[in-house]
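Those protein sequences? They're chains A and B, same order as listed. All residue numbers for the first sequence refer to numbering that gives the first Met the number 0, where the first residue is 0 and numbers rise by one. All residue numbers for the second sequence refer to numbering that gives the first Met the number 0, where the first residue is 0 and numbers rise by one.
The set of hints was computed from the structure by calculation and includes no laboratory data. Cβ atoms here follow ideal geometry from the backbone N, Cα and C, with glycine treated the same way. Do not rely on the hints blindly, as some may be mistaken.
Stretches of chain B that chain A covers, calculated by requiring three or more beta carbons in the stretch to come under 8 Å of a beta carbon on chain A [claimed, not checked]:
#1 26–32
#2 289–298
Quick partial rundown of chain B residues pointing at chain A, CB under 10 Å, derived from the structure [unchecked claim]:
#3 C73
#4 A75
#5 T81
#6 A85
#7 A123
#8 L138
#9 D208
#10 Q231
#11 Q234
#12 R244
#13 D246
#14 Q249
Residues per chain, in single letters:
There are 2 protein chains.
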Amino acid sequence: MGEFELIARFFDRPVRRNPLGIGDDCALLQPAPGMQLAVSTDLLVEGRHFLSTVDPRRLGHKALAVNLSDLAACGAQPLAFTLSLALPQVDAAWLGAFAQGLFSLADAHGCELVGGDTTRGPLAINITVFGEVPAGQALLRSGARAGDELWISGTLGDARLALEAFRGTVSLPQEVFEAARQRLEQPEPRVALGCALRGIASAAIDISDGLAGDLAHVLRRSGVGASVALAQAPQLLAATRAGLRLDPQQVEELVFAGGDDYELAFTAPAAQREAVLAAAQRTATPVTPIGRIEAAAGLRLLDAAGQPTQRAFGGFDHFGAV
Amino acid sequence: MGEFELIARFFDRPVRRNPLGIGDDCALLQPAPGMQLAVSTDLLVEGRHFLSTVDPRRLGHKALAVNLSDLAACGAQPLAFTLSLALPQVDAAWLGAFAQGLFSLADAHGCELVGGDTTRGPLAINITVFGEVPAGQALLRSGARAGDELWISGTLGDARLALEAFRGTVSLPQEVFEAARQRLEQPEPRVALGCALRGIASAAIDISDGLAGDLAHVLRRSGVGASVALAQAPQLLAATRAGLRLDPQQVEELVFAGGDDYELAFTAPAAQREAVLAAAQRTATPVTPIGRIEAAAGLRLLDAAGQPTQRAFGGFDHFGAV
């Protein structure tokens, strides 16, 4: 199968929302009047971002999900995406499953594939995603203010727990493992929540490299700090809620520095608490207030006595050790 | 050097034309009222699209140039781009040179880096480029009509000639080799010409996989055919013009199926001939009429007697043999 047949067979679908899709030198997008175009791109490389044994259907889902998660963090409504694919060989069964996972998530979000590139090479997937957001209303990392409450969506650390199970550093009951594996391999981007938080949240980021590391970006860009109680960690990890007992320090590590969560961390003025809860309810997304933004720079992790304690959470650096 | 330091040191530059650049979950673009956004993406993999020994400055240039060439083929004015980079290791000298080549071309076209992703992995570069084009005025592959003239910009086949010299299948005088190598490693996208042809050309494509193969896309999508005289081949190859003598069939192969040319092939009504020449002169881009669009489907290569002759030019398929 050649390059053009591969594209025609697995990826060329008519566009409805965008003026021009696959098949010309460029695709054409037309944001509605008054809208800005939000753009994000993520590169996934085998062995670094996914295991070679992963179900291609889940991989197709995840490759788009991690990008949609960036749109969610900006409060942007998905519109279109491009896909670049380097493949070691053309495997029709693999491609069919990959495309199924990809388009299933894309269709759920009304996000159309408008272009791309395919070539032979070590397995790598690069998706660039486009969303619309009313001009001036995008949620930025720089908007957090002292006094704001700090929130997260969903639960944290379970994806990393699955990765540790794959690596053999923890042993999990089958049910816990399957739930955690689902979080690792098939994250659900919080697009509806992100859009519902426009005009309510003061800042937002998606948690991909671990809460502590990603939160640090928000704090730095906003010129503020935050305090978060470590004691909340067990309740923020779904596996603990489901009854799994782990060493407390391990739970804290998973929750604050696990990575691959694709939840939103966001801030909002205390006066917006009801509006945040209403947005969460409207979009059927659990949210939890986990701390408070303060004027003094830095992230303070508080012990049981409410005192700041030292922890070296690194977050996930794609050039550092995992 | 970690991921964030790498980005800050080599790639994070303030944006002027776009509302938001690097450093948040998304970049923000705002096409002017009445403009559509043209989007294209190209993935370059070491060993397939470039040699491991290539000067990183030239590689940075080429990675963006091949994308700008797609904008040129649509008649779109460059606006912004994203860069995804998989690197086997962090080599500051290599990155500095790569960034220099990249930004030098980007600045020449007013095209801003607004986002990206970096990770460790086998060397691969994915750029997605964004341009503006007035709604409804993009040059498409589907607009060629019987009676139109078929044009190309610049010269064809020299990039492939350099590749063959690297492979040892031809031996070239030093001067010819250097000129051909420049075409292979540092192509100049025909952006000014593409934009000048809006409202004049009926269809356009950029020649990346070889003239015969890329022209076939235009003919198929336009529902037409074309006739081109093979005898023009020597004059379309810069090396021949410079005095190099090659086997005639080899010259035809280079010109019609060389690949990596990044010239424009475009069609225009015969009545637009003066307008085409004026656009070419205004943008200091040589153009040559090489044939005519006809109602009968298919590309007819004409021999010296003006009779169609059979040639099996494959064009460049990224999953076929090179």
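Cross-check of the supplied hints:
no. : hint    : result
1   : 26–32   : holds (count 6)
2   : 289–298 : violated (count 0)
3   : C73     : 4 Å, holds
4   : A75     : 6 Å, holds
5   : T81     : 5 Å, holds
6   : A85     : 5 Å, holds
7   : A123    : 6 Å, holds
8   : L138    : 8 Å, holds
9   : D208    : 9 Å, holds
10  : Q231    : 24 Å, violated
11  : Q234    : 26 Å, violated
12  : R244    : 34 Å, violated
13  : D246    : 28 Å, violated
14  : Q249    : 24 Å, violated
Hint check: violations occur at hints 2, 10, 11, 12, 13 and 14; the rest are consistent with the structure.
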